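Peer 1: We have chain E; now place chain V onto it with these hints.
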Amino acid sequence: MSERASFDVRKMPGFVAIAIATFLVLYAPIVTLVIYSFNSGMSVAMWEGFSWRWYQAAMQNQQIQDAALRSVIVATFASVFATVLATMAALGTTRVRPFRGQTAIYALINQPLMVPEIVTGVALLIVFATVKQATGYSGLGYLVLAHTAFCIPFAYLPIRARLEGLDRSLETAAADLYATPWRAFRRVTLPLMMPGIVAGAMLAFVISLDDVVITEFVKSAGQDTLPTYMLGQLRRAVTPEINAISTVLLFISVAIVSAFFVVNRKKA
Amino acid sequence: MQGQGDSAAAPARAITAREGKGALVSAARRREVRVSWLLSAPALLVLLCAASGPLLIVLVYSFLTAGDYGGIVWSFSGEGWFKVFLARDIFDDTVSIADAHLTIFWRSVRLSLLTTLICIALGFPTAWFIATRSRESRNIWLFLITIPFWTNLLIRTFAIMEVIRSEGIVNSVLLAAGVIRQPIQIMYTDFAILLGMAYVYLPLMVLPLYAAMERLDFRLIEAAYDLYASRRRVLRRIVVPLVRPGLIAGSILVFIPSLGAYVTPRVLGGGKNMMLGNLIELQFGQGRNWPLGAALSLTLLLIVMVALIFYVRIVQKEAASRE
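Heads up: the protein sequence lines correspond to chains E and V, in order. To convert, count from 1 in the first sequence and add 9; that's our numbering. To convert, count from 1 in the second sequence and add 100; that's our numbering.
Derived from the structure by calculation, the hints contain no laboratory data. There's no promise every hint is true.
Examples of chain E residues lying across from chain V (beta carbon under 7 Å, computed) [stated by the list, open to error]: (1) L35; (2) P38; (3) L42; (4) P121; (5) V136; (6) A170; (7) G174.
Just so you know, these numbers come straight off a predicted model, no measurement behind them. We treat Cβ as the ideally placed atom computed from N, Cα and C, and that holds for glycine.
The shape of chain E in the complex, shown without the other chains (with noise of 0.2 Å):
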C-alpha cells in the first residue's frame, strides 16, 4: 500500500533530465553571447576581462546609430498603423453575428502568418521596384508599408481575444443612461479594450524591431535597420561589438514581451 502511495502517475524515466537539458541548451548560447559582449578583448571566445568597451564602440558607430535610429522610427510607426487597424478590423468582426465573408476576412489578416517570410520579401521587391521607379521615392515609407502589414495578425489577435471576453451589458447600461455611441464607445468600450489593445501594440513592435528577411528585400539602398546591419556585419571577421548590439536588442524585447505578460495576467 505504501509503495502504491509513492508511486508518481506525472513521471516518465528520463524526461526531467532531457527537459533540464534543453532549457541548458536553449540558455547557454544566449548566456554566453551576453557574456562576450563584455569582452575587452577582440575575441568571442576567449576572456580576456570585463569592459564596456563594445558597448562605447557600438554607441560610436554612425552607421550603428543609423540603423539603430531606422529601426525604432519604422516600428514605431508600424506598430502604431497595425494597432490602429487591427483595432478597427477586430471591432468589425468580433461580437457579430457570422456573416457572409467574414471568413475571408480572417484569412486575409492571418495571411501574413501563413506565407513564408521569403515569399513575402519577394513579392514586395518585385512590387515596390515597379512603384519606386515610377514615383521616384525610395523613402522609409515601404518599410513602414510593409511592416504594418505583416504586423496586423499579431496586433489583431489579443485584441480580438479581449473583445471576446467583454460583457456586452456595459454597453447596453451606457446606452441605456442615452450615452450616444460614440460617447458608450469611448467611455466604457474603449478602456475595457485598452489591455488587449496595449499588448496587441507590444507585441507588434517587437515583431516590427525583429524583423530581418521582409525588411532585406523590402530596403533601399543604405537603408539598413539593425537586424540588416547585423546580417551584412555576420559575413565579415565577427568582433563582440555585434554581441553587444545583439544584447542591447534581447533585453527590448524581453522587457516588452515581460510587460506583455503582465498587462495580459491583469485581465485575468
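Peer 2: Same frame as chain E, but now just chain V:
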C-alpha cells in the same frame, strides 16, 4: 452579404402580422454587416497592398521573360516554371532534370523533417516536465520557454554560430583540453543548419505540446497503471493519442518555417549549403532570373499550403472522431 441577413429574418417573415418588424430586423442586420465591413476595410486594404496582392503579381511574373540585368521583359514565357525542376543544355538543347535545384529541394525537405523530429524528441519531455510542475512554477518554466521565442531569430542564430565556429566555444574548449588537435569544421555544413533550426524553432514545438498536456486527464493514466500497464505502454497508448493535436500543431509550426528558412541557412550554411529560401534570394540577386525566382517562391508556397491543408484535415478528422 445579404444572404445571411435574409435567412435570419426569414422566420419573422413567415408570420404576416410581424412582417414590419421582420423588415426592421433585416435592415438593422444589413447595417450591422455594413459597419463590420467598413471597420475592417482599412486593415484589408493595407494587407491587399502589401501582403496578398503582391502574391498575385509574383504569379504573373513567374510567366514572364527574364530581363538581361534582372527584372523582367513583358512577354509570356514558361521558362521560369520550366527551370524549377528541369534544365536545358546550352549546346544541344537536351532537357535534363535540374540536379542542383533538386539537391536544394531535397535538402530543404530533409532538414525540415529532421528539425521537426529533433524538436519532438526534445520538446515532448520538456513540455511534459512543465505540465507536471506545480501550478505556480509552471508559469515560470513556460515564461523561460517563451523568452527565446521572442528573441530575435538572427540573434539566436548568431548565438549558435558563436558556439560552433572554428574559433568558437566548442572548438576552443576541446582544443584547450587536448581532445582535438585541429578545430572541427561544424560551420557551413548541413549539420550546422540542422542544429541552428532545431535550436531556433524548438519553442514552437514546446508551446502547443504543453497546451495539450496541460489539459490531460491524469486519472486516465492512473487507471492504465492500475490495470498493470508499463510506463512505455502508458506513453504510447494513452499519452501520445491524447496529446496528438498538440503534437501535430507543433510539428506544423516547426516544419513550415524550417522549409522557408532563410536567415539560419544563410548564416550557418554559407553559400554552398543553400536551402530553398536562399535559392529564391539568389535569383533576385546574382542569378538575375526573376521569373525563376517567382516560380520557385510559388513552389515553396504550394508545399506550405499542402502541409497546412493536410494539417487542417487531420484536425477536422480528430475533432469528428472525438464527438
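Peer 1: If a hint holds in the structure, say so; if it doesn't, say that too.
Peer 2: We went through each hint and held it up to the structure:
no.	hint	verdict
1	L35	holds, 5 Å
2	P38	holds, 4 Å
3	L42	holds, 4 Å
4	P121	holds, 5 Å
5	V136	holds, 4 Å
6	A170	violated, 15 Å
7	G174	violated, 18 Å
Hint compliance for this structure: hints 6, 7 are broken, all remaining hints hold.
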